[in-house]
Amino acid sequence: MSLKVIMPQMGESVAEGTILKWLVQEGERVAKDQSLVEISTDKIDTEVPSPVTGILQKILHSADETVPVGTVIAEINELTGEVTEEVAVEVKTPVTQSARPAQVTARIVEEEGEGEKRYSPLVRKLAREYGVNLQVVKGTGAGGRITKQDLSGYIEGVQKLKIPSGPEVEEVIPLTPIRRIIAERMVQSIKAAPHVTTTFEVDMTVIAKYREMNKDTMQKSQGVHLTYLPFIIMATASALRENPVLNSSWSDSGIIIKKYINIGIAVSLEDGLIVPVIRKADSMNLIELARESQLLAQKARDKRLKPEDVHDSTFTITNYGIAGSLFGTPIIMPPHAAILGIGAINKRPVIINDAIAIRQMAYLSLSFDHRIIDGAQADRFLSKIKNTLEEWGSKSEKVPVTESGFGGVW
Amino acid sequence: MKEITYLDAIHDALDEEMAHNKDVFLMGEDIGNYGGAFKATEGLYEKYGRWRVIDTPLSESGFTGAAIGASLMGMRPVIEMQFADFISCAFDQIVTVAAKNHYRWGGRTPIVVRTPFGGNVHGGAFHSQCPEGWFLNVPGLKIVAPSNPYDAKGLLKASIRDDDPVLYFEHKFLYRRIKGEVPDEDYTVPIGKSKVIREGNDLTVITYSAMVHIALEAAEILEGEGISTEILDLRTLMPLDKEGIYASVKKTNKVIILYETPKTGGIGGEIAALISEDIFDYLDGPIIRIGSKDTPVPYSPHMEEFYLPKADDVVTAAKKLVAY
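From first to last, the protein sequence lines stand for chains A and B.
So the first sequence is residues 34 to 443, counted in the working numbering.
So the second sequence is residues 2 to 325, counted in the working numbering.
Take the hints with a grain of salt, since some may be wrong.
[Claimed, not checked] Just some of the chain A residues that point at chain B, by a computed CB distance under 10 Å:
1) S153
2) L155
3) R157
4) K171
5) T173
6) G174
7) A175
8) T180
9) I223
10) P227
In short, the hints are calculated from the structure, not lab data.
Keep in mind it's a predicted model, so treat the numbers as computed, not measured.
A virtual CB, placed ideally from N, CA and C, is assigned to each residue, including glycine.
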């Protein structure tokens, strides 16, 4: 039986995907669940497994092609043992997955947003691909409509303007889907949310000692590499529980407070950035947080993240300190209300009781959406995190180390 | 290569296939001694005898049924509707029996129904119709309609060798008016493949049979006005060559579908729907259909001229579409 492989729906709002690489070539045999093709969508890069065992009969879209969700990208001739030629020719297994209504809604909204003007499907497709604002293109078609020629003329003109000195001295790197989506999201965020950044200095000495003391045991008994990150996630989750307004989204009908705490962790990749999510972070203990954050980061670097790994986060932590940065002013990831940036943890001279001491210090910066959160609330939140970290081990955070490893309920 | 007429091409295809395969035989009204109403079978009666070129009574239903029966017994009959209009008399045999044998019980029905069709020959309402649209809704049939001698010969040979029932629509207006080069050696034209017969960039005219020549005439006029027209000759109406259609539309982004059947319910609506379902994002203007008027074919030459699509109609529509 000939079976059609379609570009899968990788998330609610994903409308198209780019084929990065075919892992099986035409004519080759492929086993059920064997990785067939690498695709990239505006949410994630991932591998698509083969739905059946068979021979990859035909590749209909080659690498670097971007096609809408639901497009048939290949045909597999399923091996069932008793395939006759006639069956192979005439029976086509219907593909059940279809485009979601969400896309249709989005399209209608887009049309309304453009007011009285109407554009042909082709013009809208090209505008989407090249990121052209159609309002600025002059139309020469009937009634001032923008024709294909108008738009391609405009695009050529813009491209000439952009590269005045030729390919010898400048180079244009084509936008990857992930680059494009990062750009869109960042612009969307900075335009919509008035950003304010507040910075606290946190003494991490206690954490550093605690970590130094426990990391070998943890590695040995749990197989987890203990970094500073899980401590900060834990402190953040608890601070979010106390300050729910930080765990929210802006909407015109009201501020949506989320009762679940899903913390996104920014992971930098060679060609971009992705934010896998730790679900219900407030219900996890230190070991679980360490393990989960490590696992997600690895999956992100291996491009093995699934759609559910990147959805539904409610708050972000970005750890630019790894690269040496002292502090930053991160941009909030929509639709969150805030983002926490972690600066480098360095030994610094600090005055304690009028004496100079050497302490492990870090700047924690919080960018927040001033539509939702005021400075005092933000500082209360950040000081809660600071206190948790500085007083680690003094209260319930104590973890008894036993023969079998870490115990205790968090 | 020699230059022959569209009618010669049909004649030669029949002759060669009969010589090549003794299972091929002809049935129809006046096709024997008389050589056929349009002389498509001239000389074949003398050459192959009365058992292979059979004159039948005036009963399309009867000889179509006989052909279906013979085909089930391993023969490859080619039958002629004297005028395509008369195919309605054999409608039941074609759509209920021939089209469904293979589906119902696996029997192959390799018959070819030759149907001289089309207007512009002042034949009036009973002798000028284009009935191909009636059969587009009947899965199980193949339908071809060549526009030139090369395709006429190659498609007829392919139809005779095909194991499914094929309706072969040959246009009366083209019989002696259109000449073209045809190879001396044996060849076929594959069923199901369209052909770009003129390359262009500004719009595509999708058409077939006699209307191909109207499209060519229009393309010449349009070229003089700086508009570059691509013409896609469908050649086969069923199964439709979607790949060919989509490739051309993706290139030019603007489409006219030109056909001789009345505009309503013709193949144009089907092709327009396919384009909009499958490659909507490639359209830069509305899909335009140009067909005949929704009336019976008039007898009066002036009225018939008014009824049929003309090059001017294509030119006017094309200019509007390109400016859209």
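So, going through the hints one by one against the coordinates:
Taking 10 Å as the C-beta contact cut-off toward chain B, the hint placing S153 of chain A at the interface holds, the least distance being around 4 Å. A cut of 10 Å between beta carbons decides the hint on L155 of chain A: the least distance to chain B is about 4 Å, and the hint holds. Annotation: R157 of chain A was flagged as interfacial toward chain B, and the flag holds, the nearest CB pair being 8 Å apart, inside 10 Å. At a threshold of 10 Å, the smallest CB-CB gap from K171 of chain A to chain B is about 15 Å, leaving the interface hint violated.
The closest approach between the C-beta of T173 of chain A and any C-beta of chain B is roughly 9 Å, which is under the 10 Å cut-off, so the hint is satisfied. Taken as an interface hint, G174 of chain A checks out: its beta carbon lies about 5 Å from the nearest beta carbon of chain B, inside 10 Å. Using the Cβ-Cβ criterion of 10 Å, the hint placing A175 of chain A at the interface with chain B is satisfied: the shortest such distance is roughly 5 Å. Given hint, T180 of chain A at the interface with chain B, holds; its Cβ is 6 Å from that chain's nearest Cβ, closer than 10 Å.
For I223 of chain A, the shortest C-beta to C-beta distance to chain B is roughly 31 Å, which exceeds 10 Å, and the interface hint is violated. Interface hint status for P227 of chain A: violated, as the beta-carbon distance to the closest one in chain B is roughly 37 Å, over 10 Å.
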